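Start from the sequences and build out the full structure, keeping to the hints where you can.
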Amino acid sequence: MRALLYRLALASLAVLLPPLLQAQSQDLVFRDRFDASDRPATRGEAARFLTQATFGPSDPQIDSLAAGSYAGWLAQQRALPPSLVLPYMRAQSGTTDPLQAIPFHVYRQAWFVRVLGAPDQLRQRVAFALSEILVVSERGNGLDNDGLALGAYYDILLRNALGNYRQLLEEVTLSPAMGRYLSMYRNRKPDPANNIQSDENYAREVMQLFSIGLVKLNRDGSPVLAGGQAVPTYDGDVVRGFARVFTGWACHCGAGQPCPADPFPVEPFTCSTEHEMVPYEAYHDRNEKRLLDGAVLPAGRDARPELEQALDLLFNHPNVAPFIARQLIQRLVSSNPSPAYIARVAAVFDNNGQGVRGDLGATVQAILLDDEARRGPRSLPSTFGKVREPLLRLTALWRAFDVEWENDELFPDDREIHESHNQSPLLSPSVFNFFSPTYSPGGALVQNALVAPEMQIVTANFAIRLANDVSNRVFWGYRGGPMDEFDDRVRLVLLDRWVQLLQPVAGGNEAPPGAVDRLIDRCADLLLGGELTPALRQRIRSRVLALPPDEPLRRVQNAIYLIATSPEFAVQR
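Reading the sequence shown from the start, the letters are residues -23 to -1, 1 to 550 in mature numbering (1 follows the signal peptide of the UniProt record, and there is no 0).
Keep in mind the hints are simulated off the structure, nothing from the lab.
Just so you know, not all the hints are guaranteed correct.
As the list claims (entries may be wrong) - Simulated DEER-style distance windows between Cβ atoms:
{"hint": "1", "residue 1": "Pro459", "residue 2": "Val201", "range": "56 to 66 angstroms"}
{"hint": "2", "residue 1": "Ile173", "residue 2": "Ala48", "range": "49 to 59 angstroms"}
{"hint": "3", "residue 1": "Pro75", "residue 2": "Asn445", "range": "33 to 43 angstroms"}
The structure displayed is predicted, hence computed values, not measured ones.
Beta carbons: idealized from backbone N, C-alpha and C, even for Gly.
Below you can see the structure in the form of structure tokens.
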């Protein structure tokens, strides 16, 4: 897959980069059999694991992983409490009032602070992956500039990222943010006399996108066939049945407020965006409902037990394990996992070894420790890998080079980061995320039945903006540089220790012998997992050596820039 994706990346970056030779496969250092109790054999191998499991490797994290083991690192991460965004947002806004509005940009500020600096990196990374599956967006219904509701929603993902998918599904369903976004909020039972039908929006998306998908799946993610055709998981009648299940729910009123008996005609109070929605039985459909695969919910049921039974039905459907497993693998490891990889992860989702279904912590561990994740670049060189999401390119660069900032207040540049990166947390254009998990840009990928979801947001303009953004952050946004003097809110990379590598030897004009190669190797470990093609190495080396030895900062900046704008960095291996 790498060569194919490289060609696509090169096509979009051709206006920015000199021609690169086609990448040659390079073997990493692997043992005969991967063992989770082992330590990474190289720093690059450690960095490659951390690229999949975090928002980007840093030297301290590589050292920590190298001193222990993969399994030990995962156990430590799973034990860490969640670094939530909403408490941070309230502290930044100077309020303890749970109902006081908070602008959306404060959520985005909190998100960057957490993903760049929080210790629970695995949880943060999985929560971001889940935010692209269980999508809510500031661009959606009733959520414009509502940082409070969106921060509360993201904390649901953080709390449950390594918990149980059934609990996550229920908390998402009853979230006020999701209720507004997919219009389950104040959804009424059918009333033909007044031309009222139950809203089908959430009923459709909770099946299509959040749990079972459109067609029945085998354990390995392949479609179940009947007469050569895929078998649908549900039809319009099932959607209408679930729509009637999801009736009668509205926001919980704030503490100390007089709660109206009937908020459905008009909502005369301030909603609590942290408390789950609550049922109002007068608006809940109590008739019999036919749902998935002939299941019937009897008449006369209250809203909550019926909702829980319906979610149990979805959660226990055999599709959920391969459907969610495939998408989590795509977000963390590889766009085109083999059927066997999906089946192995789905088996852990079905049973974590202790009889528990839906254990996300165990599922994520299975994804990251699978033989395909660890050995894929060698065992499946033509299909393994994924295009890095734009935000993950930025966080990887910042974390690799010790990002710091003096003032947590969000720099205006970052407020509009979705314009430079075509992506921003909880700001997708629709419930279908920034890109579809089945998207293929065509050409050789389609011919080889491969997908590259992230390429759906890559355009020529985006490629130019992204390269310019990298240039600004490397050549201007470093400690002691122009942006450091301009504003204390700017996030800065720290290049001093890298510059020291190339400082001319005392009494001379040249860097220490081998210093340029050591610089390139260390940058390659952090940004490329140690995989640096000879063509790119030679290009970087030639450029660095063409610069005066007494300008080590420029040499370092050019090396970083050439790696961070290369197709090799654009493709996560």
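Now the hints, each set against the structure:
Restraint check, Pro459 to Val201: a C-beta distance of roughly 59 angstroms satisfies the suggested window 56 to 66 angstroms. Between Ile173 and Ala48 the beta carbon distance is about 55 angstroms. The supplied range of 49 to 59 angstroms therefore holds. Roughly 41 angstroms separates the CB atoms of Pro75 and Asn445, a value that falls within the hinted 33 to 43 angstroms.
Hint violations for this structure: none, all hints satisfied.
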